[in-house]
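Asks: From first to last, the protein sequence lines are chains V and A.
Just so we're aligned, residue 0 is where the first sequence starts under numbering that gives the first Met the number 0, counting upward by one.
Just so we're aligned, residue 0 is where the second sequence starts under numbering that gives the first Met the number 0, counting upward by one.
Worth flagging that the hints you see were computed from the coordinates, not collected in a lab.
Some clues are possibly wrong.
Capping the alpha-carbon separation at 25 Å, the derived lysine-lysine pairs in DSS-like fashion look like this [as the list claims (entries may be wrong)]:
| id | chain 1 | residue 1 | chain 2 | residue 2 |
| --- | --- | --- | --- | --- |
| 1 | A | 124 | A | 160 |
| 2 | A | 160 | A | 201 |
| 3 | A | 191 | V | 51 |
| 4 | A | 246 | A | 3 |
| 5 | A | 246 | A | 201 |
| 6 | A | 160 | V | 51 |
| 7 | V | 79 | V | 154 |
| 8 | A | 226 | A | 3 |
| 9 | A | 191 | A | 160 |
| 10 | A | 226 | A | 214 |
| 11 | V | 51 | A | 201 |
| 12 | V | 51 | A | 269 |
| 13 | V | 51 | A | 124 |
| 14 | V | 26 | V | 154 |
| 15 | V | 146 | V | 79 |
What you are looking at is a predicted structure, and each value in this text was computed from that prediction instead of being measured.
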Amino acid sequence: MAAADLRAELDSLLLQLLWDLEELESKRVALNARVEEGWLSLSKARYAMGAKSVGPLQYASRMEPQVCVCTSEAQNGLQKFRVVRAGAQSPEEVGPREAALRRRKGLTRIPEPEVFSASPNPLNWFGILVPHSLRQAQASFQEETLKLQMVLEMKPQMEATDSFFLGLLVAHL
Amino acid sequence: MRRKLCGEFEYFRNHSLEPLSTFFTYMTCGYMIDNVILLVSGALQKKSVRDLLGRCHPLGRFSEMEAVNIADTPSDLFHAVLVETPLAPFFQDCMSENTLDELNIEVLRNKLYKSYLEAFYNFCKDHGDVTAEIMCPILEFEADRRAFIITLNSFGTELSKDAREALYPTCGQLYPEGLRLLAQAEDFEQMKRVVDHYGVYKPLFEAVGDGSGGKSLEDVFYEHEVKMNVLAFTRQFHCGVFYAYTKLREQEMRNIVWIAECISQRHRTKINSYIPIP
Numbered sequence: 000m001a002a003a004d005l006r007a008e009l010d011s012l013l014l015q016l017l018w019d020l021e022e023l024e025s026k027r028v029a030l031n032a033r034v035e036e037g038w039l040s041l042s043k044a045r046y047a048m049g050a051k052s053v054g055p056l057q058y059a060s061r062m063e064p065q066v067c068v069c070t071s072e073a074q075n076g077l078q079k080f081r082v083v084r085a086g087a088q089s090p091e092e093v094g095p096r097e098a099a100l101r102r103r104k105g106l107t108r109i110p111e112p113e114v115f116s117a118s119p120n121p122l123n124w125f126g127i128l129v130p131h132s133l134r135q136a137q138a139s140f141q142e143e144t145l146k147l148q149m150v151l152e153m154k155p156q157m158e159a160t161d162s163f164f165l166g167l168l169v170a171h172l
Numbered sequence: 000m001r002r003k004l005c006g007e008f009e010y011f012r013n014h015s016l017e018p019l020s021t022f023f024t025y026m027t028c029g030y031m032i033d034n035v036i037l038l039v040s041g042a043l044q045k046k047s048v049r050d051l052l053g054r055c056h057p058l059g060r061f062s063e064m065e066a067v068n069i070a071d072t073p074s075d076l077f078h079a080v081l082v083e084t085p086l087a088p089f090f091q092d093c094m095s096e097n098t099l100d101e102l103n104i105e106v107l108r109n110k111l112y113k114s115y116l117e118a119f120y121n122f123c124k125d126h127g128d129v130t131a132e133i134m135c136p137i138l139e140f141e142a143d144r145r146a147f148i149i150t151l152n153s154f155g156t157e158l159s160k161d162a163r164e165a166l167y168p169t170c171g172q173l174y175p176e177g178l179r180l181l182a183q184a185e186d187f188e189q190m191k192r193v194v195d196h197y198g199v200y201k202p203l204f205e206a207v208g209d210g211s212g213g214k215s216l217e218d219v220f221y222e223h224e225v226k227m228n229v230l231a232f233t234r235q236f237h238c239g240v241f242y243a244y245t246k247l248r249e250q251e252m253r254n255i256v257w258i259a260e261c262i263s264q265r266h267r268t269k270i271n272s273y274i275p276i277p
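Could you put the whole structure together from the sequences, leaning on the hints where they help?
Replies: Take a look at the structure:
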């Protein structure tokens, strides 16, 4: 019975892994499609505005990211990824990370999560009256960052399932 | 490709007499405006002057170019730098802006181009003869195209309707009623209702595709421009052939760059989306 239960569990873990893999693959394909769409829209903008109007010469000399990926470790030891937009202030995390109680005086400062100030719209680097294709390119790249978060969240989960499956398999061989 | 075109242009220019040589000067003013705006925008972004000068269009070069980036206001730009250049007459409406920020640079670009286009149009009209018959419709279309594109690109931006109307060139078929209606448009559908009154532009707007697969308004306008420029070669003894030749060569270069980008991005199905030149 124990062997049958073990086989059933291994099968269900393997199926879960394969479902997750299929989902990850479809999300990756969607992500790549958005990236390609963005680059094609940039080419269309270059066609409409002129090759020298859409290029590295227009980039700001000091760029600030509008989106950042922050990593942290969850309670179960898995790596967590969070896509943080500029201007969004993440709440100070208090709890499992602390090794000791806080003191009233001489408070040990917990490093605050980084706060990203909202940077100006990068579309303005190319002028105020930009064609629709350039706006489309920006929208494609912005949507890509959303899909990126989904892909990043899936990978550690899958790796955990995979190691659990292998551990179970090896332990009972 | 651009260097070859510039070499040909300079060859034509060096062998020209009046009024053709003034006609060539007018042609180069458009590129000078682009260069001035490139230098001013680059200065705003703290780019190196040497890099910016390297990217300027050769047909729009003038000796005072290197000093453009020292100006903080359009007034400084005019008095210190551009007063001795062919662009000086086009600055009369551009002094109202106090600082050169992104919005004011865009306004400056469009106001300069408006003045330039109107002056070029009046020159061709005063010239008369076949040159006027060929060039006036081309420049009228260019003026109307600019009005349409400014309107379309201004939706969702901080440019007010009044400021937008001030940028429209007035030497096109849309002036005055069409421009007044266009200034009030708030979306593409309202723009389409404006062109219902203009037989030349209605079919162009109907050819615009919806969604990412079809032609954009810019593509449709480029196609129409190519047709008009090709027709310039059916008449003889006029200055318009030089303008048409230069514009068709530029379209050729745009097509080649587009094809190269499609190949590098592996979008081979999109290669044929260029504008063919018969």
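Asks: Take the hints in turn and mark each one as holding or not.
Replies: Evaluated hints:
Our distance criterion of 25 Å between C-alpha atoms is broken by residue 124 (chain A) and residue 160 (chain A), whose separation comes to about 30 Å. Straight-line distance between C-alpha atoms of residue 160 (chain A) and residue 201 (chain A) comes to about 23 Å, which keeps the hinted pair within the 25 Å bound. A distance of roughly 31 Å separates the Cα atoms of residue 191 (chain A) and residue 51 (chain V); the hinted pair therefore is violated under the 25 Å criterion. Restraint check for residue 246 (chain A) and residue 3 (chain A): satisfied, since their Cα atoms lie roughly 14 Å apart, inside the 25 Å limit.
A threshold of 25 Å between alpha carbons decides the hint, and for residue 246 (chain A) with residue 201 (chain A) the separation of about 24 Å falls inside it, so the pair holds. With a C-alpha separation of about 29 Å, the suggested pair residue 160 (chain A) and residue 51 (chain V) falls outside the 25 Å cut-off, and the hint is violated. Between the alpha carbons of residue 79 (chain V) and residue 154 (chain V) the distance comes to roughly 10 Å, so the proposed pair stays at or under 25 Å and holds. For the given pair, residue 226 (chain A) sits about 23 Å from residue 3 (chain A) by alpha-carbon distance, which is consistent with the 25 Å threshold.
Restraint check: the Cα-Cα separation between residue 191 (chain A) and residue 160 (chain A) comes to about 17 Å, which is no more than 25 Å; the hinted pair holds. About 17 Å separates the Cα atoms of residue 226 (chain A) and residue 214 (chain A), which keeps this hinted pair within 25 Å; it holds. Distance restraint check for residue 51 (chain V) and residue 201 (chain A): the Cα-Cα separation of roughly 31 Å exceeds the 25 Å cut-off, and the hinted pair is therefore not satisfied. Taken as a hint, the residue 51 (chain V) and residue 269 (chain A) pair is honoured in the structure, with Cα atoms around 22 Å apart against an allowance of 25 Å.
At most 25 Å may separate the alpha-carbon atoms for a hinted pair to count; residue 51 (chain V) and residue 124 (chain A) exceed this at roughly 32 Å. Distance check on the hinted pair: residue 26 (chain V) and residue 154 (chain V) sit about 11 Å apart at the alpha-carbon level, within 25 Å; holds. Taking the CA atoms of residue 146 (chain V) and residue 79 (chain V), the gap is about 15 Å. The hint holds against a cut of 25 Å.
In summary, the structure is inconsistent with hints 1, 3, 6, 11 and 13 from the numbered list given earlier, while agreeing with the others.
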